[in-house]
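Quick note, the sequences are listed as chains A and B, same order.
According to our numbering, the first sequence is numbered sequentially starting from 9.
According to our numbering, the second sequence is numbered sequentially starting from 40.
Think of the hints as simulated: they come from the structure by calculation, not from any bench.
In this text, all values refer to a predicted model and were calculated from it rather than measured experimentally.
Just to be clear, a hint being listed does not mean it is correct.
Unchecked claim - Distance condition first, Cα-Cα at most 30 angstroms in a straight line; then the derived BS3-like pairs of lysine-lysine: (1) B:K124 to A:K42; (2) A:K17 to B:K196; (3) A:K203 to A:K42; (4) A:K203 to B:K153; (5) A:K17 to B:K153; (6) A:K203 to B:K157; (7) B:K205 to B:K157; (8) A:K17 to B:K205.
As the list claims (entries may be wrong) - If you anchor each label on the Cβ, the simulated ranges turn out as follows: (9) B:L119 to A:K27: 16 to 26 angstroms; (10) A:A135 to B:D62: 42 to 52 angstroms; (11) A:L190 to B:G193: 45 to 55 angstroms; (12) A:Q193 to B:A209: 34 to 44 angstroms; (13) A:A119 to B:F94: 16 to 26 angstroms; (14) A:K27 to B:T192: 16 to 26 angstroms; (15) A:D189 to B:R127: 22 to 32 angstroms; (16) B:A51 to A:P36: 23 to 33 angstroms; (17) B:A209 to A:S154: 22 to 32 angstroms; (18) A:G185 to B:A47: 25 to 35 angstroms.
For each residue, glycine too, the CB sits at the ideal point set by N, CA and C.
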Amino acid sequence: MTDQHEDPKFDQWLKERAKSYHSPLPTPRDALWKRIENARRHKRVIELRPWMRWAVAAAAVLVLGIGIGRWSTNQPSAPAAAGTRVAIEIDSLADVAYQVAATQYLSRTEAFLTSFRADANRSVNTARLARQARDLLTTTQLMLDSPAADNPRLRSLLEDLELVLMQISLLNPVQDGQDRDLITQGMNQSNVLPKLRSAIPAGPVSARNQGAL
Amino acid sequence: MDESSLIARVRAGDSAAERALYDAHVDRVYRLAFRLAGDDALAQDFTQETFIRAFDRLGSFRGDAAFSTWLHTITTTVVLNGLRKVKRFRQRETDIDDAHDIGSMPRHAEPDLKTRLKQAIDQLPEGYRTVFVMHDVEGFTHEEIGVALGVETGTSKAQLSRARAKLRVALADFAGEWIT
Numbered sequence: 009m010t011d012q013h014e015d016p017k018f019d020q021w022l023k024e025r026a027k028s029y030h031s032p033l034p035t036p037r038d039a040l041w042k043r044i045e046n047a048r049r050h051k052r053v054i055e056l057r058p059w060m061r062w063a064v065a066a067a068a069v070l071v072l073g074i075g076i077g078r079w080s081t082n083q084p085s086a087p088a089a090a091g092t093r094v095a096i097e098i099d100s101l102a103d104v105a106y107q108v109a110a111t112q113y114l115s116r117t118e119a120f121l122t123s124f125r126a127d128a129n130r131s132v133n134t135a136r137l138a139r140q141a142r143d144l145l146t147t148t149q150l151m152l153d154s155p156a157a158d159n160p161r162l163r164s165l166l167e168d169l170e171l172v173l174m175q176i177s178l179l180n181p182v183q184d185g186q187d188r189d190l191i192t193q194g195m196n197q198s199n200v201l202p203k204l205r206s207a208i209p210a211g212p213v214s215a216r217n218q219g220a221l
Numbered sequence: 040m041d042e043s044s045l046i047a048r049v050r051a052g053d054s055a056a057e058r059a060l061y062d063a064h065v066d067r068v069y070r071l072a073f074r075l076a077g078d079d080a081l082a083q084d085f086t087q088e089t090f091i092r093a094f095d096r097l098g099s100f101r102g103d104a105a106f107s108t109w110l111h112t113i114t115t116t117v118v119l120n121g122l123r124k125v126k127r128f129r130q131r132e133t134d135i136d137d138a139h140d141i142g143s144m145p146r147h148a149e150p151d152l153k154t155r156l157k158q159a160i161d162q163l164p165e166g167y168r169t170v171f172v173m174h175d176v177e178g179f180t181h182e183e184i185g186v187a188l189g190v191e192t193g194t195s196k197a198q199l200s201r202a203r204a205k206l207r208v209a210l211a212d213f214a215g216e217w218i219t
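Using the sequences plus the hints, can you model the full thing?
Structure below.
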């Protein structure tokens, strides 16, 4: 398609100049391959389904309460078969509610740590970073105290996250740059981001909430 | 060995074939991720995620299009979704930081062409920028871009044309460079 703006001279000039836009570094082939292998190995082992069960009641209690309440007021003399059907529906409702909550927590943590690492050399508000890290840290510690942490792989991931988030929450504005470098190095060494990503279902958030977590 | 045999070996669980397939495509995936993200750490993250998804979903690759085209579809999805997340996160930070910084904006020197060009490309709408980078910077064809982004070839051409038009306006101060 062409339009009134077409200008071959400008297009050619632009193409040549634009080569400098975000000029890539050489591909770190071997390092990347190692990361991919590690993440895939980890993904094969980690199984989050078991820890979906424990928190069903806690995460979905409101949904269930409302659902049961509505059902019981609308169906004063429900037969036994209907009760069974409702129990199944409640189970799947609770599953979905928990998947949403867990996926949101993992996605938020991933977005936070990805930005933290990408912004290592940028001037960002340290107090704000620390506050966000503290919020996520609280959730992480709750999960560590739950039966979810019975899964050794998941426990290891949560412990890594706890350490990183704690370090960020304690960032000192005076020695900010140095501290951030150390935290970023630690994150790279422990492979915490690849592990975290492998624990998050692929796809957009809406699809993730429907997938197996 | 041709690519379809290589893919068949990967599907059969051959790890050497996985590495060979990765080696054949990683440069272009990483380059595209870097061009769109402008950051090495993000580009590495996106490249990693692209290959993990590609290996996981290789069973769904039917071979209707070239493997590279299929792989670049995954790449653009991963990169654009990832950048949206980072952008949302940074925007929240900026909104709050800006509230404290009003009245203390530093003065900058007049930027040179390279800086102005980068700013102008960064400010393009996401769709225009993606097509522009893929076509004019990385040399993808409109057909490849159409498949990767899930749009018609004509849409890709139209977006490129509009991207160039916007850049022409944004860089009008340098018109002497391309008119002479």
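Hints, verified against the model:
A hinted pair counts as satisfied when its Cα atoms are at most 30 angstroms apart, and B:K124 with A:K42 qualifies at roughly 25 angstroms. Only pairs whose Cα atoms come within 30 angstroms are accepted, and A:K17 paired with B:K196 is accepted, the gap being roughly 18 angstroms. A distance of roughly 13 angstroms separates the Cα atoms of A:K203 and A:K42; the hinted pair therefore holds under the 30 angstroms criterion. Of the pairs offered as hints, the one joining A:K203 and B:K153 is violated, with about 38 angstroms between alpha carbons and a cut-off of 30 angstroms exceeded.
Between A:K17 and B:K153, the direct Cα distance comes to roughly 18 angstroms. Compliance with the 30 angstroms bound is thereby established for this hinted pair. Restraint check: the Cα-Cα separation between A:K203 and B:K157 comes to about 34 angstroms, which exceeds 30 angstroms; the hinted pair is violated. A distance of roughly 13 angstroms separates the Cα atoms of B:K205 and B:K157; the hinted pair therefore holds under the 30 angstroms criterion. At roughly 15 angstroms between alpha-carbon atoms, A:K17 and B:K205 fall within 30 angstroms of each other, so this suggested pair holds.
Look at B:L119 against A:K27: about 22 angstroms separates their beta carbons, and that is inside 16 to 26 angstroms. Distance hint for A:A135 and B:D62: a CB-CB separation of about 45 angstroms, consistent with the stated range 42 to 52 angstroms. The hint said 45 to 55 angstroms for the Cβ distance between A:L190 and B:G193, and at roughly 51 angstroms that hint holds. Separation of A:Q193 from B:A209 is about 39 angstroms and conforms to the stated range, judged on CB atoms against 34 to 44 angstroms.
Checked against the hint of 16 to 26 angstroms, the C-beta distance between A:A119 and B:F94 comes to roughly 24 angstroms, which is consistent with it. For A:K27 and B:T192, the Cβ-Cβ distance of about 24 angstroms falls inside the hinted range of 16 to 26 angstroms, so the restraint holds. At roughly 25 angstroms, the beta-carbon separation of A:D189 and B:R127 lies within the given 22 to 32 angstroms, and the hint holds. Checked against the hint of 23 to 33 angstroms, the pair B:A51 and A:P36 passes, with Cβ atoms roughly 28 angstroms apart.
Checking the proposed 22 to 32 angstroms range against B:A209 and A:S154 shows it is violated: the Cβ atoms sit about 53 angstroms from each other. Between A:G185 and B:A47, the C-beta spacing of about 50 angstroms breaks the proposed range 25 to 35 angstroms.
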